[in-house]
Amino acid sequence: MSFVLNDEEQMLRDSARSFLSETAPVTAFRKLRDENNADGFSRELWAAMAEMGWTGVLVEEDHGGVDLGVSAAGLLLQEMGRTLTPSPFLSTAVLAATALRVAGSEAQKSAWLPKIVAGETVIGFAVDERARHNPEHIATTAKKQGNGLVLNGTKRFVANGAAADAIIVVARNDDGAPCLVLVDCHHKGVSRTARRTVDSHLPADFTFDNVQLDGDALLDAAEDTAGAIRHVLDVGRACVAAESLGVAEQAFDVTIDYIKEREQFGVPIASFQGLQHRAAHLLSEIEMARSIVLKALRTLDETPSQAPIWAAAAKAKATAVSRFATSEGIQMFGGVGMTDEYDIGLYYKRAQAAGEFLGDDAWGAGQVAKLSGY
6 MSFVLNDEEQ MLRDSARSFL SETAPVTAFR KLRDENNADG FSRELWAAMA
56 EMGWTGVLVE EDHGGVDLGV SAAGLLLQEM GRTLTPSPFL STAVLAATAL
106 RVAGSEAQKS AWLPKIVAGE TVIGFAVDER ARHNPEHIAT TAKKQGNGLV
156 LNGTKRFVAN GAAADAIIVV ARNDDGAPCL VLVDCHHKGV SRTARRTVDS
206 HLPADFTFDN VQLDGDALLD AAEDTAGAIR HVLDVGRACV AAESLGVAEQ
256 AFDVTIDYIK EREQFGVPIA SFQGLQHRAA HLLSEIEMAR SIVLKALRTL
306 DETPSQAPIW AAAAKAKATA VSRFATSEGI QMFGGVGMTD EYDIGLYYKR
356 AQAAGEFLGD DAWGAGQVAK LSGY
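For what it's worth, our numbering labels the leading residue of the sequence shown as 6, then goes sequentially.
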């Protein structure tokens, strides 16, 4: 397995970097935040991503996608991490699209995947029910009633939940086994509360109170639904790890640029050996995270049965490194690093929030130990 990008991947990365730097720089994120945008992202940018083909990166060609694989999705999110681009890409084009792909019927795929590819819908993936990630704790139920289902329960911190048209809910059926249910967010009995997080994103909490659904709301085409859910989460973890890597990379770059310009005692502070050692340490950590993230993404594409341990490792390492990089950046900036005028604080906030999504570094490390037999 190669740990360098091939020519096609380099072209995709360069194209994404150019597009995002022009259309979605950090100043665009600041504008959305300061305007208190109700969606938490730009609908125009989401449509532009669809025109670029990004929304179909994990969708088969039969349903209008380009099917470039998880590695490509990770590369795109890595570049989004560099510019702090808020979008439904992770929730909709990655998590929801993967869930539909592995568990949806042909009718369900035909109904929803083309809408995702066209950028016409936002779909959330609802798994967590507590403050911290625990995919084993699922109390939400989807019980049979006649030819339909009755959904009851709560979900917390559903990514892009404030703007979602529909969500795919992880619940338990009559036998207590996990299942996937696709729910219209405006359906009777569904209520949501938007939550603006520290990084100015807008997830939402959902409550389902005797929600009456047709039988075709159930995504049950997979032979092993529990395995399908685990795969969706592994894809999500590897991709959010890629975004965290992008956050770390850009935080490092802006920090190095700053210490090269900032002078003390008549010389750039980058000439101080203490800061050089810290920068070298940070760069080595970023390079290790890059290798693990790429390994996880490639494994999901090539040998998905081996992916769980690598997805957990990538999530753990990228979370830790992004938090380390942004924290070190603030320290090297000094007092001004705490001010809103400088972008390093924005990267720190995103590192904290992304780190919690689908499991923080402690959770990921625990999964690696568990999957290794400890």
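These are computed hints drawn from the structure, not numbers from a lab. A couple of the hints might just be wrong.
Unchecked claim - Listed below are the simulated DSSO-like cross-link pairs for lysine-lysine, each with C-alpha atoms no more than 30 Å apart in a straight line:
| no. | residue 1 | residue 2 |
| --- | --- | --- |
| 1 | Lys148 | Lys114 |
| 2 | Lys193 | Lys36 |
| 3 | Lys114 | Lys149 |
| 4 | Lys120 | Lys193 |
| 5 | Lys375 | Lys114 |
| 6 | Lys36 | Lys375 |
| 7 | Lys265 | Lys354 |
| 8 | Lys36 | Lys120 |
| 9 | Lys193 | Lys148 |
| 10 | Lys149 | Lys120 |
| 11 | Lys354 | Lys300 |
| 12 | Lys193 | Lys300 |
| 13 | Lys148 | Lys120 |
| 14 | Lys114 | Lys36 |
| 15 | Lys149 | Lys193 |
Going down the list of hints, with the structure as the test:
1. The straight-line distance between the Cα atoms of Lys148 and Lys114 is roughly 23 Å, inside the 30 Å bound, and the hint therefore holds.
2. For the given pair, Lys193 sits about 34 Å from Lys36 by alpha-carbon distance, which is inconsistent with the 30 Å threshold.
3. At roughly 23 Å between alpha-carbon atoms, Lys114 and Lys149 fall within 30 Å of each other, so this suggested pair holds.
4. Annotation: proposed proximity of Lys120 to Lys193 holds, straight-line Cα distance about 23 Å (limit 30 Å).
5. Distance check on the hinted pair: Lys375 and Lys114 sit about 34 Å apart at the alpha-carbon level, beyond 30 Å; violated.
6. Between Lys36 and Lys375 the CA atoms are separated by roughly 43 Å; this puts the pair beyond 30 Å, and the hint is violated.
7. Of the supplied pair hints, the one linking Lys265 and Lys354 holds, its CA atoms being roughly 24 Å apart against a limit of 30 Å.
8. About 28 Å separates the Cα atoms of Lys36 and Lys120, which keeps this hinted pair within 30 Å; it holds.
9. Annotation: proposed proximity of Lys193 to Lys148 holds, straight-line Cα distance about 17 Å (limit 30 Å).
10. The suggested pairing of Lys149 with Lys120 holds, with an alpha-carbon distance near 28 Å, which does not exceed 30 Å.
11. With a C-alpha separation of about 26 Å, the suggested pair Lys354 and Lys300 falls inside the 30 Å cut-off, and the hint holds.
12. With a CA separation close to 44 Å, the supplied pair Lys193 and Lys300 exceeds the 30 Å bound.
13. Under the criterion of a C-alpha separation no larger than 30 Å, the hint pairing Lys148 with Lys120 is consistent with the structure, at around 28 Å.
14. Simply put, Lys114 and Lys36 have alpha-carbon atoms about 35 Å apart, too far for the 30 Å limit, and the pair is violated.
15. Distance restraint check for Lys149 and Lys193: the Cα-Cα separation of roughly 17 Å lies within the 30 Å cut-off, and the hinted pair is therefore satisfied.
Figure legend: structure checked against the earlier numbered hints; hints not met, in rising order: 2, 5, 6, 12 and 14.
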